[in-house]
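Trainee: This is what each chain is made of:
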Amino acid sequence: MYPFDFHIGAAKLSGHLMFEMLSYTLGYRLYVWQRARSRDLISDDGRMWIFLGAALGAFLGSHILGVLEHPDYLKHFNIQVWMGQKTIIGGLLGGLIGVELTKKQIGVRTSSGDLMTYPLIFALALGRIGCHLAGLTDGTHGKPSSLPWAVDFGDGIPRHPVNLYEVAFLLLLAGILYWREKQDALSNGMRFKIFMIAYLSWRFLLEFIKPVWLVPGLGLSSIQLAIIAGWGYYFWDWRRYK
Amino acid sequence: MPGKTISTPSNLPMNEPLLDESEPQPQPVAPLGKVVLVNFLIILLYSALQNLPANWGIKQHLMPPFLFILLQMFANIVLGVVFLFLPKYRSLASVLIFSGVLIGLIGYGTCMVGYLFFS
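Residue numbers (this note's numbering), protein chains in the order written: chain A, 1 to 242; chain B, 1001 to 1119.
In case anyone wonders, no lab produced these hints; they're calculated from the structure. Fair warning: there could be bad hints in the mix.
To be verified - The calculated lysine-lysine pairs, modelled on BS3-like cross-linking and capped at a C-alpha distance of 27 Å, are:
(1) A:Lys182 - A:Lys104
(2) A:Lys103 - A:Lys193
(3) A:Lys210 - B:Lys1034
(4) A:Lys103 - B:Lys1034
(5) A:Lys103 - A:Lys75
(6) A:Lys182 - A:Lys193
(7) A:Lys104 - B:Lys1088
(8) A:Lys75 - A:Lys210
(9) A:Lys193 - A:Lys242
(10) A:Lys12 - B:Lys1088
(11) A:Lys210 - A:Lys143
(12) B:Lys1088 - B:Lys1034
To be verified - Just so you have them, the derived chain A footprint on chain B, three or more residues with Cβ under 8 Å:
(13) 1032–1040
(14) 1043–1050
(15) 1095–1104
Computed from a prediction, not measured in an experiment: that's the story for all the values here. All C-beta atoms in this analysis are idealised placements derived from N, C-alpha and C, irrespective of residue type, glycine included.
Turn these sequences into a full structure, and let the hints guide you.
Mentor: Take a look at the structure:
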């Protein structure tokens, strides 16, 4: 069963790749649909440059943190190692830096993340289904577990299906955000901040049930250290506007 | 002269746009979704073709996926940088560069490549 691939005649398509592309495509369609129904203060051109800043930041952030997650690979470091590793947390934090730098450059002062929040949640959930289908090859599986819902990815060891936990968390987060906004409109930028802080906190906890490399003396993974930096940014941001 | 209406800015309808040819007109927005979708289809097609020669019992001679994706990524970025210097196509330039970075972000680290090199 794992890794799950789609077979079309003699051709084979990776399930992970399919879901990852689907996540970007449908996430973007959701963003376009939402934007058409809201009053966006940022121009089309401005949005495009912000996308570019986000993609560049995400590209660098995801690969840098991805390599730091497996320091053994640094011994044989080359372009394939660099490009073969990536993490969502690195992508989100790198994307955040990329967006802020781009907005400063093009003179956009309003929040740009609110419109991206639901598309990001939707895309992350779809992407995580892809990670689950990839099984052990993706490196995002959980620690061995004896819980009744533990999944055997093909090596005979039942493990926490952490990617499915994440899908459930993301759906719950989207539901809570939607319900909260129905009660009372959130201030500009708040939707994205709530999403980021909630997701970073969730991932911090999830790392404890993943077989990850821990930084000696700290007992925390590279991703958890990056998350602490992310919390620091939002704490600084909160103090700035307090 | 009685009865003659003189057209001045004050009696023009408020929503009438005043065209000033000296002002730069907004550029048409490049089709981000379409450019990215074409790139995705190319990756999917290549990914599907990858295992065909082996399945048909012939020696595999297609280039490795990481090399193909690297080429696709750089083709988008180089084309984007070229368009960046043509003011008329600046919008398309950003779309192409974005697509290139996105290909690099997606293409690697999925099973298609990560699986081949690290399993």
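Trainee: Each hint needs a verdict: does it hold in this structure or not?
Mentor: Hints, verified against the model:
For the suggested pair Lys182 of chain A and Lys104 of chain A, the alpha carbons sit about 32 Å apart, so the restraint of at most 27 Å is broken. Distance restraint check for Lys103 of chain A and Lys193 of chain A: the Cα-Cα separation of roughly 17 Å lies within the 27 Å cut-off, and the hinted pair is therefore satisfied. This hinted pair does not check out: Lys210 of chain A and Lys1034 of chain B have alpha carbons roughly 38 Å apart, beyond 27 Å. Proximity of Lys103 of chain A to Lys1034 of chain B is assessed by CA-CA distance (about 25 Å); at most 27 Å being required, the pair is judged to hold.
Under the criterion of a C-alpha separation no larger than 27 Å, the hint pairing Lys103 of chain A with Lys75 of chain A is inconsistent with the structure, at around 37 Å. Distance hint between Lys182 of chain A and Lys193 of chain A is fulfilled; the C-alpha atoms sit about 18 Å from each other, no more than 27 Å. Proximity of Lys104 of chain A to Lys1088 of chain B is assessed by CA-CA distance (about 24 Å); at most 27 Å being required, the pair is judged to hold. In summary, the hint linking Lys75 of chain A to Lys210 of chain A is supported, as the alpha carbons are separated by about 23 Å, within the 27 Å threshold.
With a CA separation close to 15 Å, the supplied pair Lys193 of chain A and Lys242 of chain A stays within the 27 Å bound. Of the supplied pair hints, the one linking Lys12 of chain A and Lys1088 of chain B is violated, its CA atoms being roughly 41 Å apart against a limit of 27 Å. For the proposed pair Lys210 of chain A and Lys143 of chain A, the alpha carbon gap of about 5 Å is at most 27 Å, so the pair holds. With a C-alpha separation of about 19 Å, the suggested pair Lys1088 of chain B and Lys1034 of chain B falls inside the 27 Å cut-off, and the hint holds.
Counting residues of the region 1032–1040 of chain B whose beta carbon lies closer than 8 Å to any beta carbon of chain A gives 5, which meets the minimum of three for the stated coverage. For the region 1043–1050 of chain B, the stated coverage by chain A holds: 6 residues have a C-beta nearer than 8 Å to a C-beta of that chain, and at least 3 were required. Chain A is given as covering the region 1095–1104 of chain B, and this holds because 6 residues of the stretch bring a CB closer than 8 Å to a CB of that chain, at least three being needed.
In this structure, the hints that do not hold are numbers 1, 3, 5 and 10, in rising order.
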